[in-house]
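If you want the building blocks of each chain, they are given just below.
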Amino acid sequence: MHSNIKFWLTSAAATVLASPLAAQEAMGIDEKVNKIFASITGPFVSLIFSPFPGTNFPWIVMWLVIAATIFTLYFGFVQFRFFKHAIQLVKGDYSDPNDAGEVSHFQALATALSGTVGLGNIAGVAVAVGIGGPGATFWMILAGLLGMASKFTECTLGVKYRNEYPDGTVSGGPMYYISKGFKELGLPGGKILAVVFSIFCILGALGGGNMFQANQAHAQISGITGDYPGWITGIIFAGVVFAVIVGGIKSIANVTEKVVPFMGILYVGASLIILIVNYNMIGWAFGQIFAGAFTGLGVAGGFVGALIQGFKRAAFSNEAGVGSAAIAHSAVRTKEPITEGFVSLLEPLIDTVVICTMTALVIVISQQLIVDPATGNYMLNEAGTAIATVDGNSGVALTSAAFGASISWFPYVLAIAVVLFAFSTMISWSYYGLKSWTYLFGESKSSELTFKIIFCVFIVIGAAASLGPVIDFSDAAIFAMAVVNIFCLYFLMKLVRKELASYASRLESGEIKKFAK
Amino acid sequence: MTVKIVIGLDGEDTGERALTFAKDLASRIKGCELIAIYVIEWSPFTFQTPEENARRHKRREEEIELAMTRIVTPAVKSLQDAGFIASGIVRHGDVAETLNALTVENGGSQIIVGRASSGGFSTRIFGSSTQNLVMNADVPVTVVG
Chain X
1 MHSNIKFWLT SAAATVLASP LAAQEAMGID EKVNKIFASI TGPFVSLIFS
51 PFPGTNFPWI VMWLVIAATI FTLYFGFVQF RFFKHAIQLV KGDYSDPNDA
101 GEVSHFQALA TALSGTVGLG NIAGVAVAVG IGGPGATFWM ILAGLLGMAS
151 KFTECTLGVK YRNEYPDGTV SGGPMYYISK GFKELGLPGG KILAVVFSIF
201 CILGALGGGN MFQANQAHAQ ISGITGDYPG WITGIIFAGV VFAVIVGGIK
251 SIANVTEKVV PFMGILYVGA SLIILIVNYN MIGWAFGQIF AGAFTGLGVA
301 GGFVGALIQG FKRAAFSNEA GVGSAAIAHS AVRTKEPITE GFVSLLEPLI
351 DTVVICTMTA LVIVISQQLI VDPATGNYML NEAGTAIATV DGNSGVALTS
401 AAFGASISWF PYVLAIAVVL FAFSTMISWS YYGLKSWTYL FGESKSSELT
451 FKIIFCVFIV IGAAASLGPV IDFSDAAIFA MAVVNIFCLY FLMKLVRKEL
501 ASYASRLESG EIKKFAK
Chain E
1 MTVKIVIGLD GEDTGERALT FAKDLASRIK GCELIAIYVI EWSPFTFQTP
51 EENARRHKRR EEEIELAMTR IVTPAVKSLQ DAGFIASGIV RHGDVAETLN
101 ALTVENGGSQ IIVGRASSGG FSTRIFGSST QNLVMNADVP VTVVG
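For the record, the sequence lines run as chains X and E. Note that the numbering used here gives residue 329 to position 329 of the first sequence, counting from 1, and the numbers run on in steps of one. Note that the numbering used here gives residue 69 to position 69 of the second sequence, counting from 1, and the numbers run on in steps of one.
I should point out that these hints are in silico values taken from the structure, not numbers from a laboratory. Beta carbons: idealized from backbone N, C-alpha and C, even for Gly. Just to be clear, a hint being listed does not mean it is correct.
Claimed, not checked - Partner residues are not named here, just some residues of chain X that face chain E (Cβ under 7 Å, in silico):
1) Gly-92
2) Gly-101
3) Ser-104
4) Phe-106
5) Gln-107
6) Pro-166
7) Asp-167
8) Thr-169
9) Val-170
10) Lys-258
11) Pro-261
12) Ala-331
13) Arg-333
14) Glu-336
15) Ser-428
What the hints assert, rightly or not - Okay, derived cross-link-like pairs now, EDC-like style, lysine to aspartate or glutamate, Cα gap no bigger than 16 Å in a straight line:
16) E/Lys-58 - X/Glu-511
17) E/Lys-58 - X/Asp-167
18) X/Lys-258 - E/Glu-52
19) X/Lys-84 - X/Glu-508
20) X/Lys-35 - X/Asp-472
21) X/Lys-514 - X/Asp-99
22) X/Lys-180 - X/Glu-164
23) E/Lys-77 - E/Glu-33
24) E/Lys-58 - X/Asp-99
25) X/Lys-91 - E/Asp-94
26) X/Lys-335 - X/Glu-499
27) X/Lys-335 - X/Glu-164
28) X/Lys-513 - X/Asp-93
29) X/Lys-335 - X/Glu-511
30) X/Lys-514 - X/Asp-93
Okay, chain X solo, but in the shape it has when bound (with noise of 0.2 Å):
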């Protein structure tokens, strides 16, 4: 099947590249692919992004941080109480020995940020920074710390009312929470919530888990071996990952799982040797992100455009309170659902606080951004909506050449990073969306199979659209899981706190044991 689909490949590559004819027509595909796709996503995404009456602020972004804010507050700072104790869960202190062998809470919260890692932290950063200058991030940092609050709450009730099958498998996240957190509630409407929710998580998964990463993918690679149609990009990797969800096979997701975070490293490490490098330029750097988060610094829409920019980037980078993490952690075998949910709240800490700050410094210190000497004020391109950079870079585009400035060779391993970043997104992804799936069709082999040849052909529409309609649709999406995730939230919190009431008594009074000498 594979030399068939090589060969397939490489006969439509060369034929399409070969004649120029061939090629205009292709692009032509792209551009019909592209507005068709904008026409249809289009009133839901103003629907998502309409802003206050009176204002350019979207609700929903007030909506993510509000839950955030309330959270924090009503979990008394939970996750500055509670970081060392989940420091010690992952490290395994608390683990039982006996239990050894199961999903350890490391690899819950690995296999999690595998998912929420990616492209979010490299190109989504550099959106966030090419339209909300330096300050946005601020507002993202803050909203990486205050994310960590529903994260904690969504992750424990993930746990808390997952479905165990008599195989023993598990099926988890806030579809199940939803429809029996209600049901113990003794309130209405969680099973039509629970649907609702489902449905944007397959919306989600097709958008930012999907057509965002092709995308992007598409973008890096063909910014270093020149422009060509992106749905030969999509098909590829649509080929592979339904050589992985399809067919099984397991070598390509598990190649890719261990080389992930070697790559994340690897990114974290040449971050920090550009910033040791530039060592006298961080001070300006954080001054430049401070003044701009109030002041703007001239940015399109001033400050409210930089905390705008940052509170999305956060949300569409950490997914706090979106719900998707509750899917992944579900999986963990505790005693103590709370636990995970501990655990889960270093997510937004790693994601959002450490290494999108890293791509924000970068870029920052790169000088990409063009300032104009006179006002020290940032410049705007010709269009007014961004800010100028060097070579009209954005996104994807603007990270490599930031990096690239410091470290000429990077821009490649970076093409390699993105490309794993954004297939191990859309593994994990393709599994949050399955697991809606099939909470509202049945989980039958053939239900599963549907699914995922549709993933497959929206990896291929990603690649082909251009970067405007698939982030404005992929935020739209996953902010419509937020949307009813966190209404949900409101209700169940409760259920959370005395948890966390019970689980901090007995903690303090030793009932619950360290393992670890």
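Here the structure of chain X is known, so what remains is to put chain E in place on it, guided by the hints.
Frame of chain X, contents of chain E only:
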């Protein structure tokens, strides 16, 4: 006081040699109890896909069942048939660390293992489980060649 001897099994010839040696040793000690242990190599710090995690509990049960029926139960039976008091344990973890921990937990006074037969690059760098056990065990270790 009962003397408890732990035998580290590996499902191969080396484990068999350890078993034979343990029988010989135990026959010379009055009231000696034998514990056969098989550790399934596993680390809590690996990277897995969501699907693998969802199926992990089932896989673990299957692994334990397999190790019990194929390796530990036959070993325990052969010890009991030879007239010894014997029991068996299967657990996941780092082989050297887990074998030592289970020995201490069960009051074992020494561990008998077979010499690792596999060589190779990783063994040269990280050492074999047997080497690690000898270096870090809390009780005397006998390595059967």
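Here is what the structure says about each hint:
Checking X/Gly-92 against chain E by beta carbon gives a least distance of about 5 Å; that is within 7 Å, so the hint holds. Hint on X/Gly-101 holds. Least Cβ distance to chain E is approximately 3 Å, under the 7 Å limit. Contact between X/Ser-104 and chain E, as hinted, is supported at the beta carbon level, the nearest pair being about 3 Å apart and thus within 7 Å. Interface hint status for X/Phe-106: upheld, as the beta-carbon distance to the closest one in chain E is roughly 5 Å, under 7 Å.
Among the interface hints, the one on X/Gln-107 holds; its C-beta lies about 5 Å from the nearest C-beta in chain E, closer than the 7 Å criterion. This hint is violated: X/Pro-166 has a C-beta 10 Å from the nearest C-beta of chain E, more than the 7 Å allowed. Because the smallest distance between the Cβ of X/Asp-167 and any Cβ of chain E comes to about 6 Å, under 7 Å, the interface hint for this residue holds. Given the 7 Å rule on beta carbons, the hint for X/Thr-169 holds: about 5 Å separates it from the nearest Cβ of chain E.
Here the hint on X/Val-170 is kept, as its CB sits about 5 Å from the closest CB of chain E, short of 7 Å. Given the 7 Å rule on beta carbons, the hint for X/Lys-258 holds: about 6 Å separates it from the nearest Cβ of chain E. The beta carbon of X/Pro-261 comes within 6 Å of a beta carbon in chain E, closer than 7 Å, and the hint placing it at the interface holds. Hint on X/Ala-331 holds. Least Cβ distance to chain E is approximately 4 Å, under the 7 Å limit.
Nearest Cβ of chain E to the Cβ of X/Arg-333: about 6 Å, under the 7 Å cut. The hint holds. Taking 7 Å as the C-beta contact cut-off toward chain E, the hint placing X/Glu-336 at the interface is violated, the least distance being around 16 Å. The beta carbon of X/Ser-428 comes within 6 Å of a beta carbon in chain E, closer than 7 Å, and the hint placing it at the interface holds. A hinted pair counts as satisfied when its Cα atoms are at most 16 Å apart, and E/Lys-58 with X/Glu-511 does not qualify at roughly 29 Å.
Straight-line distance between C-alpha atoms of E/Lys-58 and X/Asp-167 comes to about 7 Å, which keeps the hinted pair within the 16 Å bound. Simply put, X/Lys-258 and E/Glu-52 have alpha-carbon atoms about 13 Å apart, close enough for the 16 Å limit, and the pair holds. Taking the CA atoms of X/Lys-84 and X/Glu-508, the gap is near 14 Å; set against the 16 Å cutoff, the hint holds. Restraint check for X/Lys-35 and X/Asp-472: the C-alpha separation of about 14 Å stays at or below 16 Å, so the hint holds.
At most 16 Å may separate the alpha-carbon atoms for a hinted pair to count; X/Lys-514 and X/Asp-99 meet this at roughly 14 Å. About 13 Å separates the Cα atoms of X/Lys-180 and X/Glu-164, which keeps this hinted pair within 16 Å; it holds. Restraint check for E/Lys-77 and E/Glu-33: the C-alpha separation of about 14 Å stays at or below 16 Å, so the hint holds. At most 16 Å may separate the alpha-carbon atoms for a hinted pair to count; E/Lys-58 and X/Asp-99 meet this at roughly 13 Å.
For a cut-off of 16 Å, the pair hint linking X/Lys-91 to E/Asp-94 stands: about 15 Å separates their Cα positions. Simply put, X/Lys-335 and X/Glu-499 have alpha-carbon atoms about 12 Å apart, close enough for the 16 Å limit, and the pair holds. At roughly 14 Å between alpha-carbon atoms, X/Lys-335 and X/Glu-164 fall within 16 Å of each other, so this suggested pair holds. The suggested pairing of X/Lys-513 with X/Asp-93 holds, with an alpha-carbon distance near 9 Å, which does not exceed 16 Å.
Note on X/Lys-335 and X/Glu-511: the hinted pairing holds, with a Cα-Cα distance of about 13 Å set against a maximum of 16 Å. Taken as a hint, the X/Lys-514 and X/Asp-93 pair is honoured in the structure, with Cα atoms around 6 Å apart against an allowance of 16 Å.
Hints 6, 14 and 16 from the list above are not met by this structure, while the remaining hints are.
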